[in-house]
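Given the sequences, and given the hints that come with them, work out the whole structure.
4 protein chains.
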Amino acid sequence: MIPRYARPDMVAVWSPETKFRLWYEIEAHACDAQAELGVIPRSAAETVWKARDMAFDIDRIDEIERETKHDVIAFLTHLSELVGPEARFVHQGMTSSDVLDTCFNLQLVRASDLLLADMDALLAALKRRAYEHKDTVRIGRSHGIHAEPTTMGLTFARFYAEMKRNRTRLENARREIATGAISGAVGTFANIDPFVEEHVCKAMGLEPEPISTQVIPRDRHAAFFAALGVAASSIENVAIEIRHMQRTEVLEAEEYFSPGQKGSSAMPHKRNPVLTENLTGLARMVRGYALPAMENVALWHERDISHSSVERYIGPDATITLDFALARLTGVIEKLVVYPENMERNLNQFRGLVHSQRVLLALTQAGVSREDSYRLVQRNAMKVWEQGKDFLTELKADPEVTAALSEAELEEKFDLGYHLKRVDVIFERVFGKA
Amino acid sequence: MIPRYARPDMVAVWSPETKFRLWYEIEAHACDAQAELGVIPRSAAETVWKARDMAFDIDRIDEIERETKHDVIAFLTHLSELVGPEARFVHQGMTSSDVLDTCFNLQLVRASDLLLADMDALLAALKRRAYEHKDTVRIGRSHGIHAEPTTMGLTFARFYAEMKRNRTRLENARREIATGAISGAVGTFANIDPFVEEHVCKAMGLEPEPISTQVIPRDRHAAFFAALGVAASSIENVAIEIRHMQRTEVLEAEEYFSPGQKGSSAMPHKRNPVLTENLTGLARMVRGYALPAMENVALWHERDISHSSVERYIGPDATITLDFALARLTGVIEKLVVYPENMERNLNQFRGLVHSQRVLLALTQAGVSREDSYRLVQRNAMKVWEQGKDFLTELKADPEVTAALSEAELEEKFDLGYHLKRVDVIFERVFGKA
Amino acid sequence: MIPRYARPDMVAVWSPETKFRLWYEIEAHACDAQAELGVIPRSAAETVWKARDMAFDIDRIDEIERETKHDVIAFLTHLSELVGPEARFVHQGMTSSDVLDTCFNLQLVRASDLLLADMDALLAALKRRAYEHKDTVRIGRSHGIHAEPTTMGLTFARFYAEMKRNRTRLENARREIATGAISGAVGTFANIDPFVEEHVCKAMGLEPEPISTQVIPRDRHAAFFAALGVAASSIENVAIEIRHMQRTEVLEAEEYFSPGQKGSSAMPHKRNPVLTENLTGLARMVRGYALPAMENVALWHERDISHSSVERYIGPDATITLDFALARLTGVIEKLVVYPENMERNLNQFRGLVHSQRVLLALTQAGVSREDSYRLVQRNAMKVWEQGKDFLTELKADPEVTAALSEAELEEKFDLGYHLKRVDVIFERVFGKA
Amino acid sequence: MIPRYARPDMVAVWSPETKFRLWYEIEAHACDAQAELGVIPRSAAETVWKARDMAFDIDRIDEIERETKHDVIAFLTHLSELVGPEARFVHQGMTSSDVLDTCFNLQLVRASDLLLADMDALLAALKRRAYEHKDTVRIGRSHGIHAEPTTMGLTFARFYAEMKRNRTRLENARREIATGAISGAVGTFANIDPFVEEHVCKAMGLEPEPISTQVIPRDRHAAFFAALGVAASSIENVAIEIRHMQRTEVLEAEEYFSPGQKGSSAMPHKRNPVLTENLTGLARMVRGYALPAMENVALWHERDISHSSVERYIGPDATITLDFALARLTGVIEKLVVYPENMERNLNQFRGLVHSQRVLLALTQAGVSREDSYRLVQRNAMKVWEQGKDFLTELKADPEVTAALSEAELEEKFDLGYHLKRVDVIFERVFGKA
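Chains as they are written, first to last, in my numbering: chain V, 1 to 434; chain Y, 1 to 434; chain A, 1 to 434; chain P, 1 to 434.
FYI, nobody ran anything at the bench for these hints, they're computed from the structure.
Hints are all accurate, no fakes.
If chains are identical, the list can't say which one is meant, so a pair holds when it fits in one copy or spans any two.
Dumping the calculated EDC-like pairs for lysine to aspartate or glutamate here, alpha-carbon to alpha-carbon at most 20 angstroms:
#1 LYS421 to ASP193
#2 LYS127 to ASP424
#3 LYS335 to GLU386
#4 LYS396 to GLU412
#5 LYS383 to GLU341
#6 LYS383 to GLU249
#7 LYS389 to GLU407
#8 LYS396 to GLU386
#9 LYS69 to ASP372
#10 LYS164 to ASP120
#11 LYS164 to GLU207
#12 LYS69 to GLU371
#13 LYS433 to GLU198
#14 LYS335 to GLU67
Laid out in structure tokens, this is it:
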């Protein structure tokens, strides 16, 4: 966890306080169920709930763990220090992993909920900017090269659609890890009734894991972290777009530059897209975590503990980083300074060449063969490209062209509105009926 | 593609024949739509369909591509060689990526269908072996160390449940990439009516991509290949289990060893788990492809073509390898030779120590403190561990133990049936009511 | 292996012909050593060498392998078909991996030699272009934003220096895998004298592996493929630079565009940087192979065969792809069309703002505090940025500035030569004394 | 950084205190050089050194950074608060990255030195245990299946050789990043004499970067982190071996189990290889960091800052984790409890079958054809395998065998010493002459 890339709510999900609180709730709910089954006295369960509003002494737990080298035993020992000897009924028939794994999944569920809210904020920002710039014309580019006109609104809209897909993926990922298991040392429920698992899961908002070993199967977590990796890659996608737009020669948009901010110690005129560059790096980290998560799937027999250290890193790191990245991107989108006039300037850089596709099509439709049409367009395009001529003027002066298309027909091909006529249709596809 | 790890049906999905056939169908359906819109003559569309039963000359297409350095133009040129000059109406208003991307997704859809069928076969094998060995007792292990009894059926059942989740993930992944786009050079439909996209997609079994640029967004493909990576990791999980079971000292199961097979040029007694070792390696490859797929998401503006070379590798390699791995694993599971007698031998290796957890619990329930119970169990367990004593005998001879538990109570803790009593419940969770 | 990204020499390294030829040579040299030790008859070794100029029948070997399911036995059987019954002396005391692993390393050595030659060609091209454009001024950019002037020659020179480091890494990587092992079933030389290993390695240009198990340790190969991954990432670095230079708005260079080449089926004016985009994707693949190679390091005990399937992919794929990428990049560099006039145009885009750093420094040196200097520069820079004013004119009109710097002093700060004065020094660092 | 996987010395390398101290030293040495060049007053350089023994107020620096959003300016402002207005001469002609990048490399150099020392400790432990168990016979295994005898000393020795290679790789990696750059905003030395770079680098133990841009090229760091990834994979290799040895059925060695340690809350007899399982997970993390490091290589033009966030994670995380892992592994090796008697038990599990390779060879050498020899050995081996017979007894009773080999000859093939005769030779290869 890198403090500068961490926000408090997500950090809290991974705090020792949260962890021990969740352990406690799992154990206490399990006591309720065991009492209902008659396995332990009802009074024992009630006694355990007395700690509901007590604070756990984390230093004390750590101290016990240093001696016993076992975290759950350390916690249970401390719990007995708080509520007294009836704590011996706690954890009956359970194995440490019942607590640890169910807790880890609960933390991931909470993390997911924060991430889903983050995505909602980002989606709202993208939607607002999309409608704001629905008709702001800019040149579409493939390979970094001017292609045909599009609009800034469509750019925002496609990021919206992409992030919406990530939201769906994250919902699926949340469902993947929203399970709990209280099934004992090798998952046979030998020492504990499945009712305990059902009760605890219901109380904590989880589904019982249909079949577990000592642990909850890790393919679930691999799928979870892979989904985060894909979402991070989409963040990179938006970040790269903005970085390109802010390039000196393009300058179609800029990250918001606060008055007190200094861009560089040496070049005061520079406004660098540092936020989106930063997001590009964060994306590399989050998707990098997907692989160790996949390596965690193959555990030996009913479990080995190799996954645990990995999860101590990627549980917090992937969720905290993605949470931060989503929030940062939302801020970037909300405050992005868009320059429509520069978009227009860039669009007109090659005096009409952007309309060559339409001319080509018109020639074909006028009966010229594909090969000839291509040759005619290319011949005139090259004059624009190499000699800086105006494309429409050149076409009008080319007898082979004018033999197929009249001046009026040619001029009609240079109308920008032609390219924007389906923007509304696309917006409706993305955002639904207004 | 490595021939020895490739099966013909999946290889065919990625053949030039399939690719050109799909290009053709996309173009021909597009012609139908364009004719319906009145953009091209109805007769032109009909003419194009004449090639429906013609074979494309792949060498000829390659030859044209070598000259034009453009694959779609090469294909269209060849098509006009086949059906005549009316082919000039083909591809009107479309851009190459409309064809390429829609085709790529169609190939992934077909690959998904094969993989889903593979998974069904694997699931059937796992289910059959699970019921066959529902009550075959074996020792459950955590950390590679004996823990408590479980059954071989539960092992198969959890692999079944895990692979079932992978099937669901793959269905989702299939849905992710089951889209088509015919939206023109930058996705604005400037030169083509969205109706064409709708018509082609419907005809080919795809959903129209709500908003595309020149290309279909690559977050979809990242999610797809990530799902394959998770599935591969689950294959590794099963493979590792079998490799462990086949270890000389464990020998609870073996891959089927065909009569003619030689295990080693030097050691004729060796039967090596080479199929599952092989699967372990294949899993590394398939999940390794998830990362380049994620790097493919961030394309420049309305597209760059950096994703294309990656997809030429991972499109075939990931699906062909996973297809092969699933089929190989199915064969391994179907023919796996299970040794129940060795399972029993291993289970009894430490003369009753496996029941220590039950004794511990019984002591606690008999009123002994957790710490004391632990101490009592540990003290006797160590005699078994270090001196090869029998656990039950030692417990019966320990007055502190017998002060809490009678001989009969102790003996009852050594009953194997205790551990199997919930196998049916778990099976019902996994497979449903019988 | 993707045929379009493969060159014949590297493909040949991985052909069955090469593999069997290397197996043969290893076995034949081993026979020589065994004969020298008196383990087998001298005549047997001589007989084996009779096959030196015979062609192996690969179909026949495959046929035998299908029956025996063992590749080395299949090969040896075929060898005995060629040279007669004395072939029974071949492979004595050896294990299959002695042949397979030594062969694999020999293939990697040959691959390395081709890659080193590729790098030399690339280095030569980079050096030539560096000197050609040593003094071609262009704007240096950080964050995609104009910073200070540099030269195109420095750009080529730094790619040269980077690729030179990759060459050194590749030499090290070659040394890593230039070992052979003929040490028997578990590496103890129980059945074979270490002299055989020494003899074969010497004959084949390898070092004996100091300690092997059944296999050569795979940390060597992990290091090898990691080095390829770093080299590929450097290729991406060059590719990204060129893609940026070719952007429509920048257009400081273009990939060579052959006369017959069509950039797009629809937009004839487009010249897309498709080669460097392609290289970007290839880099993703090659570095992706580093991870499975690292996962291959941890084999069970004296070996498991999980590494083998991985190496069947990445052995050929990583080396063939990198070979192709290096050659492609060399071609791109050699033929790159550089536009000095566009570089000059871009440099002057912000009328002198590029010199702000020098003015800032001059103010500080003239006794103005850092904070005040920054404020003065920023104030005038903003007028250029926001109102399109000329930077020098504005500075001359700012009394706070002119109180510290005279007109002549200000003008001197706008001299481009100032930025180029150390180009020769840097070139000497990179290329040595001319 | 995960506190439980972090050791103080390595954590200190990455503390803010260390960072600011290094920044200070870089700036102060640069002042010396600038004074020597006459660019700044000698007194200014001397004044700066006054802060040599002052403590930097990190909270104050953070406070300034929150306002200026620029870390180096914040530091320089604080420095001027400490030493007074002459601090305005600090950082002249330099750019932030000159300080940041040189500092980062210095931190990596220090980290490398700690890691090299870690490796030395590990190597010493491995060597000691290798000699201790040079002649402790155990069965060698391929595919997890018994093969031929080897010794525990050879196992330690090969880990020694592998780790020694990693040490060499780390030395190379250290050299890769032991460079500094003080070359200005785009690396042209326009505003600063290369002498400053040379002076600072010499003072800090670095090499001047031959050609930099605003930043030091990141292929160096990619190579560095890749080397850590390979080393981590070798740690996994050792860890997997120990985990296998500690398996209940194998039990040839155990991690040291301290008296107060509780293995499981439920099964007191369990001693789990938790340290090596943990190392397996840590290895996944460290090698996972290699990929983002490779993605960092391709920066835009003279730099973008996407690498920075990645390095904030992997700089500390990779080095701290590897440092911890090396130390943990050293402890595991030093205290590993080895059970020679269990090794002997395992070796004899299949009553002589382990000697089948020798018998096979002897038959061949006695003139039996390879195919017949194989058949004879296999036939008798199967009786051992399937009916639990004794191999030597069966061979003696097989007339086809005894036709080729006498009883005495057969018995000689069952001598363990045969397998150990080259242990000394191998030790000499690995450790040199004693």
